[in-house]
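> Let chain P serve as the given structure and place chain Y on it in line with the hints.
Now for the letters of each chain:
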Amino acid sequence: MPSYKLTYFNGRGRAEVSRLIFAVAGEKFEDVRYEMDQWPAHKAEMPLGQIPVLEVDGVKLPQSAAIARFLAKQFHLAGKDNFEQAKVDAVVDTIDDSFKGFVPTRFEKDEAKKEELTKKYFGEELPKHLQNLETLGKLYGNGGHFFVGNQLTWADLLFYTFAQAWIGVEADCLNNFSWLKKNRAEVEKQPKIAEYLKNRPQTQF
Amino acid sequence: MSTYKLYYFNVRGRGEVARLIFAAADQKYEDIRYEREEWVSHKSEMPLGQMPVLEYNGVKLPQSAAINRFLANQFHLAGKDNFDQAKVDAVVDTINDMISKYRPIRMEQDEAKQKELTKTFLADELPKHLQNLEGLGKLYGSGGSFFVGNNLTWADLYFYDIAQHILELDENIFNNYPWLKENRQQVEKQPKIAEYLKNRPKTSH
Numbered sequence: 001m002p003s004y005k006l007t008y009f010n011g012r013g014r015a016e017v018s019r020l021i022f023a024v025a026g027e028k029f030e031d032v033r034y035e036m037d038q039w040p041a042h043k044a045e046m047p048l049g050q051i052p053v054l055e056v057d058g059v060k061l062p063q064s065a066a067i068a069r070f071l072a073k074q075f076h077l078a079g080k081d082n083f084e085q086a087k088v089d090a091v092v093d094t095i096d097d098s099f100k101g102f103v104p105t106r107f108e109k110d111e112a113k114k115e116e117l118t119k120k121y122f123g124e125e126l127p128k129h130l131q132n133l134e135t136l137g138k139l140y141g142n143g144g145h146f147f148v149g150n151q152l153t154w155a156d157l158l159f160y161t162f163a164q165a166w167i168g169v170e171a172d173c174l175n176n177f178s179w180l181k182k183n184r185a186e187v188e189k190q191p192k193i194a195e196y197l198k199n200r201p202q203t204q205f
Numbered sequence: 001m002s003t004y005k006l007y008y009f010n011v012r013g014r015g016e017v018a019r020l021i022f023a024a025a026d027q028k029y030e031d032i033r034y035e036r037e038e039w040v041s042h043k044s045e046m047p048l049g050q051m052p053v054l055e056y057n058g059v060k061l062p063q064s065a066a067i068n069r070f071l072a073n074q075f076h077l078a079g080k081d082n083f084d085q086a087k088v089d090a091v092v093d094t095i096n097d098m099i100s101k102y103r104p105i106r107m108e109q110d111e112a113k114q115k116e117l118t119k120t121f122l123a124d125e126l127p128k129h130l131q132n133l134e135g136l137g138k139l140y141g142s143g144g145s146f147f148v149g150n151n152l153t154w155a156d157l158y159f160y161d162i163a164q165h166i167l168e169l170d171e172n173i174f175n176n177y178p179w180l181k182e183n184r185q186q187v188e189k190q191p192k193i194a195e196y197l198k199n200r201p202k203t204s205h
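Protein chains in written order, with this note's numbering: chain P, 1 to 205; chain Y, 1 to 205.
FYI, nobody ran anything at the bench for these hints, they're computed from the structure. Hints may be right or wrong, so weigh each one.
Under 8 Å between C-beta atoms, here's a sample of chain P residues computed to sit facing chain Y [as the list claims (entries may be wrong)]:
#1 P62
#2 R69
#3 K73
#4 K87
#5 D89
#6 L152
A virtual CB, placed ideally from N, CA and C, is assigned to each residue, including glycine.
The following block holds chain P by itself, in its conformation from the complex:
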């Protein structure tokens, strides 16, 4: 049995998809969370000076997507064969494309500019990506509510957690996307996920 240690800030951010994977799989792991002022002392310990980092039997792995995909494959949440895993990866890449434009809207310091960027992102940019995600769900989902192959994969978990960030800013952003809404509802209903969501730390991000 490998030992797993996940190190990140005390927030959901780019680590939450991996925590969801551990929860669904019912797997134990050390959930190390640094507050902002604790992090600088540990930065030099990490391969790229960044977190999240997953340590597996003492070997460190950076990069949130590489970590999540590895864990998904370990616990059979990545897709049932190579081509299905590729479909899952394509959905994940499209979710990443959706999220790219969101980050600058959060870090903009000028209030007026921030409001403008946020309006543009939610009004023009995000809807296009959400449309693409619905297209892929209908193309690869075998008629079901999960993105690929009628089974929960890490693509569903990643969409679930990133969409939470969007909904936190713009509560109605999925109103025109019923397939995506149903997808998130299906994820929330999974018993191990419902349990995890009920008990996880409530954090700012």
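For chain Y alone, kept in the frame of chain P given last:
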């Protein structure tokens, strides 16, 4: 017999890594290249209205990273087990972090501004990414010249391809990064790659 079709523009761009993987694996495929004017009439045939797209046994897959990883897995160029594959993914993600800083510069229309941005990129941004990549190569490369596990993987092919664009900015850049320089030379020496590089179409980017 599986069939592979790759749809992209008549350039290297985001399609070339897939072509390098096919070459390294000595795998036949249909290398479809659309000129700009042709592409307009084919856009709606693609799941996300974008290329590259891989058609595998008649099913279309978008997103270059998903395509590349799928092909690498098909042809044993992805890493020998789940954890090695994760290390390969981490290297690929780190290369992507580097490119995401470079792309805005390429898109800049104003020549004077582009020159300025390039100068800043080379002096302030690029070195830390190259240092990170050398760091990962030494951490995961088992003492050899390839990024992971002393075997050629698609991480080496990806770095080889991206580095060609960086060299156009500064042809001496790798003189300060001997590990990366040696890595590229090892890739070029692979007989099937050397053959492919000699014969491939010469395109602007």
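> State for each hint whether it applies.
A quick look at each hint next to the structure:
1. Given the 8 Å rule on beta carbons, the hint for P:P62 holds: about 5 Å separates it from the nearest Cβ of chain Y.
2. Interface hint at P:R69: satisfied, since its Cβ lies 6 Å from the closest Cβ of chain Y, which is below the 8 Å cut-off.
3. Annotation: P:K73 was flagged as interfacial toward chain Y, and the flag holds, the nearest CB pair being 5 Å apart, inside 8 Å.
4. A least Cβ separation of about 7 Å between P:K87 and chain Y falls short of the 8 Å threshold, and the interface hint therefore holds.
5. For P:D89, the suggested interface contact is upheld, since its CB lies about 4 Å from the closest CB of chain Y, less than 8 Å.
6. Interface restraint check for P:L152: the shortest CB-CB distance to chain Y comes to about 19 Å, outside 8 Å, so the restraint is violated.
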